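Single-letter residue listing:
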Amino acid sequence: MSASIEIKDLHKSYGDVDVLRGINLSIPAGQTVAVIGPSGSGKSTLLRMLMTLDKPTSGEILIDGQSMWQNEAGQFQRSNSPHVRGVRGKIGMVFQHFNLFPHKTALGNVIEAPMHVEGLSREKATERGKEYLDMVGLGDKFDAYPAQLSGGQKQRVGIARALAMRPEIMLLDEVTSALDPELVGGILQIIQDLSARRTMTMIMVTHQMKFAERASDRTLFFDQGNIVEDAESSVLFGQPKEARTQQFLQSVIEAE
Amino acid sequence: MTPIFDWAFALEILPTLGEALIITIQATMLGMLLAVTLGLILALMRRARLRIISAPTALFIEFVRSTPLLVQIYFLFYVLPVTGVQMSPLTTGILALGVHYAAYCAEVYRAGIEAVPRGQVEAARALNMSSWRTAVGIVLPQAVPPVVPALGNYLVAMFKDTPLLSAITVVELLQQSKMIGSATFRYTEPLTLVGLLFLALSLIAAYGVRRLEVGLQRFGGKR
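Protein sequence lines correspond, in order, to chains X and R.
According to our numbering, the first sequence is numbered sequentially starting from 3.
According to our numbering, the second sequence is numbered sequentially starting from 601.
With the rest of the complex left out, here is chain R (with noise of 0.2 Å):
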């Protein structure tokens, strides 16, 4: 009779899921690195004065967030093959999960642009600043820190969203756990410790995004 929790099997197993998690890692910082880099430009194209510009980015934006991320993990996976780009499944899916966030945080980045007073640009306009330097220089580093804690938690909730890949075969942790279950009929230990793993670098997540916060106050300066 095996025990409901086999412990030695769990501390056999989690050098195997351990290389599954740097997958699941790896998809999360680089699709994050994407979702606040092209938020950002999404957010400054949205604003942009000329409609060609900002009209189109409004209903990408708007479609984007009104669709499931897993239709669009599928729609690149299957489609973008089509169209002759060639690209791994982790890829894929770190373009899919950038994208889908993308959007959200160019939502997030817009508010904390529109929450920037409207003299502070009207004092870099007294001072001819240009437009660029205005939006760099001024608007951006007082836009952004207030913002900076939405963004972490879909810093996690992207994170949590990774195991959507094992939906076109990205070997990430989820994945490797129902390997390991189908190869040894044991669900009970990986499952488990893929909760724990999840819970784990969640919170770890989660405490690097609040020391973020405060280094960034430090770095604007206190209001």
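So here's chain X without its partners, still in its complex pose (with noise of 0.2 Å):
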């Protein structure tokens, strides 16, 4: 099962900075998107927003067609509102620096949010996370702690503690900037994987461009806080319209 995401108008600031300018996107379930732009484009601020990390200071984020931060009478919820966690509870996140909580093994990890979210029992909990780590090719770590894997080794771990709440919309931001260039492949496998089952909304924030070309249905170019130009993923990277686009990929090209 996956959701649509609407987003209207979407701004943010920081202070003076204003780093959202307006968004407006309309994603349809099972879609998956990337996100590619140069670095203080506000793509991973909108990713931070649809997970309700920090509030929109304008604009409206819908899901499914209901909205994240207003209850069904227009009013605006805390975020630890039962209305808000409800919203929250369909989206996901694996974060650039996995985060992982350190003082969990990698099953620890994963179990954690369906015994205490959900409520399931550990014994269930404990089969649903060995089935997500054996997804992602851990079957043989469920006990190591955080400081003992590797990058590559922690990534999988926070994509399975995502993957374990069974999540309708997934988000990813950078998953594979902090990791070794020989790992990035095996990440960039598993999440070209769950891209192809079509089970989830994604939305994946990447500075690898030959990935998102490949795995995505749909690539948003960011600059300066707008959405600069949105096309199918074919499109934007064999014929791009915008001259921005054009040099920020030119740009990009050259450097690899």
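In case anyone wonders, no lab produced these hints; they're calculated from the structure.
Only a predicted model underlies this, so the values are computations on that prediction, with no experimental measurement involved.
Glycine is no exception: its CB is placed at the ideal position from the N, C-alpha and C atoms.
Don't take every hint at face value.
Residues on chain X that point at chain R, a partial pick, calculated with CB under 10 Å [to be verified]:
1. Gln79
2. Gly91
3. His105
4. His118
5. Val119
6. Arg163
7. Leu173
Away from chain X, derived, C-beta distances all over 10 Å, residues of chain R [unchecked claim]:
8. Thr616
9. Leu634
10. Leu659
11. Gly684
12. Gln720
13. Ala723
14. Arg725
15. Met729
16. Ile738
17. Ala757
18. Arg786
19. Leu793
20. Gly815
Bring the two chains, given one by one in their own frames, into a single complex with the hints.
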């Protein structure tokens, strides 16, 4: 099951700095969207808004038609209110720096939310946790602590942890940026497989252009808090329309 | 002519001092138990989002830390009964020690909590965990082990502050030695023994804290 996302005139500023300047975006359920653009363009901020880690300055986010911050009566709700938690429960996120719980084992990280949010018994949660750790290729690392894992293994735990809550929307924030180059491929393969299943709506912020082109249906090019170009991935990477997009892709390809 | 240090006399008074030592240990243990629990509650209250909770808590912590423990002991001993609360001197003393050191422990906990990376709370939020579970399951298990040595120092400090309780008639180690002294006109042996007993127990406590620290590290997994 997957959910749709509707974003209307979303603004976010930190003090005087406008990070998002009026984003309008509609993502149908099941679509995989890549978000590219220079650093500081607001890509990660968009994901943080969708994960409710930050509140928008103005604008609206609708998940399956349901407002993220306003209840049916149109009143704004706190981030730990039943309403916001209800919406947030459909969304999962994988972080650039993993953010694993260092005092818990790989399995402990994965079963934490199924047990304490979903209320599964330890046995049920463990069964599910092992299933997802197996899926990301960590079937032999259940009892390892994060400090005993490589960067690539940590990120696999991060992915399994998010998947274990069976989200309808998955947000991936530069999930390979903190990894050694030789570990990137394995993570990208897992994400591509997930995308191919079409069981979740996915938004991935990435600097891996070839991967973005290959694994996503649609790509957004962000610059200075705006969506400069929004097109089918093959089109955006093949024949970008906007001069700014061309320039960006050119500089990235040269760097590679 | 009596010797400067009479070993036979020292041995004779040791059981009496031992009984008083039990009172001292009791006061320290119960006081510390109060201090670490109340300290944690104060630390969490101080971090509360509601100003109506956090502001008075901050004021209370500052007040307790900025006034002498002896004054607080006297205050509880003489003023509390006026309000109708009747407690034994020992209970009053334990309460005073506990509250005083809770204020210090609260600051230690606060430092520990603030050292937990923001990403941990964000990961918990992304997993839709409740505020309570995030605090108890994610933040505190990472915040407390690193501050155990600091809390341990306060345990030793509190132990050495217990003689202040003699001011409100608690017969702890020092008070007992003074009573022996005034009864026998011999102060050298009892006071020397008091010093040695404090030294021995401080060393044992410090060792215990170090063991606990190692244990907690294992419990917390390798970083």
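Hint by hint, here is what the structure shows:
1. The beta carbon of Gln79 (chain X) comes no nearer than 14 Å to any beta carbon in chain R, farther than 10 Å, and the hint placing it at the interface is violated.
2. This hint holds: Gly91 (chain X) has a C-beta 5 Å from the nearest C-beta of chain R, less than the 10 Å allowed.
3. Given the 10 Å rule on beta carbons, the hint for His105 (chain X) holds: about 5 Å separates it from the nearest Cβ of chain R.
4. Annotation: interface hint on His118 (chain X) holds; nearest CB of chain R at approximately 5 Å, less than 10 Å.
5. This hint holds: Val119 (chain X) has a C-beta 5 Å from the nearest C-beta of chain R, less than the 10 Å allowed.
6. With a least beta-carbon distance of about 7 Å to chain R, the hint placing Arg163 (chain X) at the interface is held under the 10 Å criterion.
7. Here the hint on Leu173 (chain X) is kept, as its CB sits about 8 Å from the closest CB of chain R, short of 10 Å.
8. Against the 10 Å criterion, Thr616 (chain R) stays outside the reach of chain X, whose nearest CB is about 47 Å from its own CB.
9. For Leu634 (chain R), the condition that its CB be more than 10 Å from all CB atoms of chain X holds, with the nearest at approximately 26 Å.
10. The claim that Leu659 (chain R) is not at the interface with chain X holds, since no C-beta of that chain comes within 10 Å of its own (minimum 26 Å).
11. Against the 10 Å criterion, Gly684 (chain R) stays outside the reach of chain X, whose nearest CB is about 40 Å from its own CB.
12. Distance check on Gln720 (chain R): its Cβ comes as close as 6 Å (rounded) to a Cβ of chain X, failing to clear the 10 Å threshold; non-interface status is violated.
13. Distance check on Ala723 (chain R): its Cβ comes as close as 4 Å (rounded) to a Cβ of chain X, failing to clear the 10 Å threshold; non-interface status is violated.
14. At roughly 6 Å, the least C-beta separation between Arg725 (chain R) and chain X is not larger than 10 Å, which violates its mark as non-interface.
15. Under the 10 Å C-beta cut-off, the non-interface status given to Met729 (chain R) relative to chain X is violated; the minimum distance is some 6 Å.
16. Residue-level check failed: Ile738 (chain R) sits 6 Å from the nearest beta carbon of chain X, not beyond 10 Å.
17. Distance to chain X confirms Ala757 (chain R) as a non-interface residue, since its nearest Cβ pair spans about 28 Å, more than 10 Å.
18. Chain X leaves Arg786 (chain R) outside its interface by the beta-carbon criterion, the shortest separation being 55 Å against a cut-off of 10 Å.
19. The beta carbon of Leu793 (chain R) sits about 44 Å from the closest Cβ of chain X, which is more than 10 Å, so the claim that it is off the interface holds.
20. Every beta carbon of chain X lies more than 10 Å from that of Gly815 (chain R), the smallest distance being close to 14 Å; the non-interface claim holds.
Violated hints, listed in ascending order, are 1, 12, 13, 14, 15 and 16; each of the other numbered hints is respected by the structure.
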